[in-house]
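Enquirer: Spelled out, the chains give:
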Amino acid sequence: MTNAFRRPVATRRQMLTRIGILGGSAALYQAMTSLGHAAGTDFQGPPALSGGKLGTKVLVLGAGLAGMLAAYELRKAGYQVQILEFQDRAGGRNISLRGGDTLTELGGAVQKVQFASGNYINPGPWRIPYHHQGLLHYCKTFGVELEPFVELNHNSWLHSSAVFNGKPVRYRDFAADFTGFTAELLSKAINQHKLDDLVSADEQAHVVSAMRGWGGLTADGAYRKGAISSLRRGFAKPQGGGLDGAPVPSDLFAREDVMRSGLWQWMAFHERLDMQTTMFQPVGGMDQIGKGFNRQVHDLITLNCKVTAIHQDDRHVTVTYNDMAHGGAVRQAEADYCVCTIPLPVLSQLDVQVSGPMKAAIAAVPYASSVKLGLEFKRRFWEQDDQIYGGISFTDQPISQISYPSHGYFSDGPAVLLGGYMFGPAAYDFAGMTPAERIEHGLAQGMAIHANYRKEFRTGVSMAWSRMPWTLGCCSMWSEMARKTHYKALCEIDNRIVLAGEHASYVGCWQEGAILSSLDAITRLHKHAQGAA
Amino acid sequence: MRSVFLLLAGLAAGAFLAPQARADSASAVVGKMQPLKTGADVYKHVCQSCHMPDAKGAEGAGARFPALAGNAKLASADYPVYVVLNGFGGMPWFSGMLSDQQVADVVNYIRTHFGNHYTDMVKPSDVAAQHPTIKSEED
Ligand SMILES: Cc1cc2nc3c(=O)[nH]c(=O)nc-3n(C[C@H](O)[C@H](O)[C@H](O)COP(=O)(O)OP(=O)(O)OC[C@H]3O[C@@H](n4cnc5c(N)ncnc54)[C@H](O)[C@@H]3O)c2cc1C
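As given, the protein sequences belong to chains S and L, one line each in that order. Residue 1 is where the first sequence starts when you use the working numbering, and the numbers rise one by one after that. Residue 534 is where the second sequence starts when you use the working numbering, and the numbers rise one by one after that.
Simulated from the structure, these hints should not be mistaken for laboratory data. All of these numbers come straight from a predicted model, not from anything done at the bench. Every residue, glycine too, gets a C-beta built ideally from N, C-alpha and C. Incorrect hints may have been included.
[What the hints assert, rightly or not] Rough simulated footprint, nothing fancy, chain S against chain L, three-plus residues with beta-carbon under 8 Å:
| id | region |
| --- | --- |
| 1 | 575–588 |
| 2 | 623–630 |
| 3 | 638–645 |
[What the hints assert, rightly or not] Derived DMTMM-like pairs (lysine to aspartate or glutamate); straight-line CA-CA distance at most 20 Å:
| id | chain 1 | residue 1 | chain 2 | residue 2 |
| --- | --- | --- | --- | --- |
| 4 | L | K577 | S | D386 |
| 5 | S | K359 | S | E480 |
| 6 | S | K484 | L | E670 |
| 7 | L | K606 | L | E592 |
| 8 | L | K577 | S | E480 |
| 9 | L | K589 | S | E105 |
| 10 | L | K668 | S | E480 |
| 11 | S | K112 | S | E480 |
| 12 | S | K455 | S | D385 |
| 13 | S | K488 | L | E592 |
| 14 | L | K577 | S | E440 |
| 15 | S | K57 | S | D313 |
| 16 | S | K167 | S | E480 |
Chain L on its own, in the form it takes in the complex (with noise of 0.2 Å):
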């Protein structure tokens, strides 16, 4: 278990020390945080954060957090996919903290919680194929 801890907290790292180096925090401080080896996990203690515990997003200064409850867009599960490696307007890009497994469990989760009923399945393999290389500025 530890080592799965540290092994995320060391890719983690990888991808967003650098994108923040310049940040004041730069602080290259990036707390670790535990394994997510489902794809609750990875909702709870990752989207949420934005899309709300319930996924139904929230409303801003004229914008928002879309809600992925009854989100037709996730029919495709390609979609949510690339929306996840590769970020989304001011939603950031996951490619490089979460792994493939990861990124497949948290997309399987949405598609089949929160009134989305949808019954085909993305496996890691899938996600390998999409993945981005995103470089953060500074390496």
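The shape of chain S in the complex, shown without the other chains (with noise of 0.2 Å):
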């Protein structure tokens, strides 16, 4: 009871305590960046690789971001670069997708999206931490403008079909009653002597001011309807001015259905470290970061390049591809050296010269499916209607959840809004379907939590993954036995050859993780390569 006080070992706080009293807050940040705290992902810069040897070649294969930064780094290290990608565009998962544009999935469907002009819906990539440094550092370089993107948004809907009548609830309301209520069980709990074995009177004392400012209790411990609740969750008749502004403070929801919803789960989703706030967006769509990295390097790349078998011997790298805009001919590039970024869904069935490690690898890894909706709306709704700007809605219904523009707040006109995010078992459902009845169950769940949906719906686009020719998934899936197994295989040079992109990183599903991985990949590269010289 009382080892609360004695402990034995200086805590991390302590520690850094006395290093920041000694030595200043530059000794205090270090300390904690060495402890793993101030850093985010572990980009340490972009790699200073220089003394190439002239005339000596390397063949990126997929003009994705890693693939198009392993160019650019290598052809600034002094190589002779060249990608081939299978797509007529550059960017590979990071796109966006505009009135005009034709996504044309396997099975045949194909959809010509509809948007009003200067709209976009981002179907892959969508976000950036703030601590993804490395893919926030070549954004920088590259010049392409970022703005905020809105993760949390208290006044955005949690909705549960089975709970509150299956109506929405303001995500406001929600956290600050779990918070509210939440704060009073514990408080009461120390006020009624059940927690003496576990906590000191001293900490008891700490603990129930701390819940009584944390949770919005009266002075007597209580969360209830009253001034103090209502300025979190807001009143019923709201503040106003003169003669008729008094507020009325609003009912709390039923604790029981507060804790049975399981809509804390939201609340529990933010605090994630990869979906902490700040957050960015490029402006003007994710694809602008493609098309960034596509201006250093575009002179290097040769589109419509379907890659089919990659051979090494003592000497050099053999590619075959069919060249998609001549008819599919069939012609082989060779090189130096090969840095491959083909998704492994795809590369897993190419043929691919390596050992027998690094092959178990490449198999031993599926991809995700996930499916995501883009919907075109008559009017902002959601702003005009509700005082929804940017954030997102969560369900239980399969669309899991709607997230509104974080860019273009105010304007008049259609306006372009995520209406579903789909992974597991409800992306496999959704895939399945055709783009028409994927938009129709999106307006459908829709109607649960905004009831003016179909009314203001003007075109919607659905973007399938695992129904893309040149990924077949979402992204990387490691089992923990794969990882083990498998991860340092994948991430071996074999000879002349090394794999990248996000599926070979710890940061998978992110293009953070592209970015580390080809990083990684090119330096390690450039010294075997300088050995071999």
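Need the complex rebuilt from these two chains, each delivered in its own frame; the hints are there to steer you.
Expert: Okay, structure coming up:
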């Protein structure tokens, strides 16, 4: 009971305070960084590679972010670089869809995007955490303008089909009540001496006072209807001016409903390191990043090349591909080295001459399935009628979430929101539908949250990632076992070939993973090539 | 019906939340879906997203979703059971998301439809015998 006061070893905080006192804040920062707290991903700055042997050629396969970055840095280091890309565009999964675009998926369905001019949806990557410093570094270097992406919106909706009569509730109301009731319970437990065994008298006082401030409790430790709670969850009659300005407090939800709703998970959601604010998006669409990278290396890219085989011997790498711009003519390219960023579901089916362990690794990582819906409405009713500016509403229906645009606030005319973002079973289900069925289900489910959804709807598009011929899925999905058995072999240089991409990182399914993997791969490859020279 | 619905969602969460927890959507947002009481249901709501409604598969960038229609590799039921439970290349594992009954149902379904006419049936107990434990990264 008293051991809370007699800790045998210094806590991290105590240690830091000591360093801080002794060495000033710079030392404190350094110490924190080395303890892994102030840093984000392990981006160490761009690699300063130089001295690549003149005439040494590197073939890069795939013009996603990993491939384009490899090409950019390797050329700077002195190598002769060529990129082969299957699609008729660069960017890979970094993509935005706009009016006039055509999306063809496996199975043959073709969607023509009908969005009004200027509107777009990011059907793949859409947000960038502030600590993805590698990606942010290159955005800055390549002149990609960023703006805030609103991740957490207290005025968005949380919806459970089974609780609150199936009606959505405001994040704000729910969060206030969940926090308030939780604080009240803990506060009561302490005051009724139910935690005496666990918490010292001194700490009890601190906890009770913390609960009161954190949970919005009254002086006697209760969470109840009144000014304090309403100043968090909002008033039934809002605060006004003048004669009739007095507000009327709002009713609380029943504690039991709050607890059983499971909606607290959406509060926890935004607490994850990857989901915390500040979050960014490129101005004008996520594909501005791909375009920024492309500006640097477009002269190195050959589009419409479907790679089918990667062979190597002691002296060369030979890549065989179909030139899709010329009737699929079979061609070959030779190089000294190869950086391959082709997504694993594709690569695992190609004729690739690498060691057994690397081959096994390539085949050991399945890709998650994901579907996104981009829906355009005649007007921003979520802003105009609902005061929702950006952020995400969550639902337990298959569509999972609705996310409102973080840009163009208060503008008139049509606007696009994310009408569904599915993973797991719901993603398989939606990917198996026709595009028209996906939109129809998206609208039907969205009605549970926005009653005017159908009335305001204009047009929509869906992207089912498992049906993209060039990834056959959304992102790598490592099992614990596969990571243990295969990760190293996947990343190791195999004679003249090295793999890179989101899948060869611990930051899977983030663009940062593609960046960090690419930098690591080319840094090692450069060393390797110099050793060989 | 409701409880089956939720149960499936719960199972799915166990299997799919965590593996994607690092992902963007990590979204930890795993939508739920209907009960899938027959092999045809499982096929329609899970498999056809890749293998296509007619089970003829599709041709991508030098890689494909193989056809299950007229596929001689389905001759031994153990093979599709193994693939569905463990995954295969880009195909995810379904152990943990589909029940033994559902795996048996869908394997029986693909082996008796799409031009396949195998007569031996897989039982849930056969599936149970093969069950791998595939752990997501973050548990
Ligand atoms: C739905 C979704 C949401 C996401 N959300 C986010 C997010 O919010 N924030 C974030 O940072 N990241 C997010 N990501 C992850 C991010 O998109 C990826 O991690 C990143 O774009 C991967 O880059 P890459 O270079 O590794 O692969 P890719 O971009 O896939 O590049 C691979 C390239 O190889 C090409 N290729 C394939 N086959 C062949 C072949 N046979 N021959 C030649 N070329 C071939 C492809 O066409 C492609 O251009 C999301 C991804 C998805 C799908």
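Enquirer: Now tell me, hint by hint, if it's right for this structure.
Expert: Each hint tested on the structure:
no.: 1; hint: 575–588; result: holds (count 9)
no.: 2; hint: 623–630; result: holds (count 5)
no.: 3; hint: 638–645; result: violated (count 0)
no.: 4; hint: L:K577 with S:D386; result: violated (37 Å)
no.: 5; hint: S:K359 with S:E480; result: holds (18 Å)
no.: 6; hint: S:K484 with L:E670; result: holds (10 Å)
no.: 7; hint: L:K606 with L:E592; result: holds (19 Å)
no.: 8; hint: L:K577 with S:E480; result: violated (29 Å)
no.: 9; hint: L:K589 with S:E105; result: holds (15 Å)
no.: 10; hint: L:K668 with S:E480; result: holds (6 Å)
no.: 11; hint: S:K112 with S:E480; result: violated (40 Å)
no.: 12; hint: S:K455 with S:D385; result: holds (14 Å)
no.: 13; hint: S:K488 with L:E592; result: violated (30 Å)
no.: 14; hint: L:K577 with S:E440; result: holds (17 Å)
no.: 15; hint: S:K57 with S:D313; result: holds (15 Å)
no.: 16; hint: S:K167 with S:E480; result: violated (39 Å)
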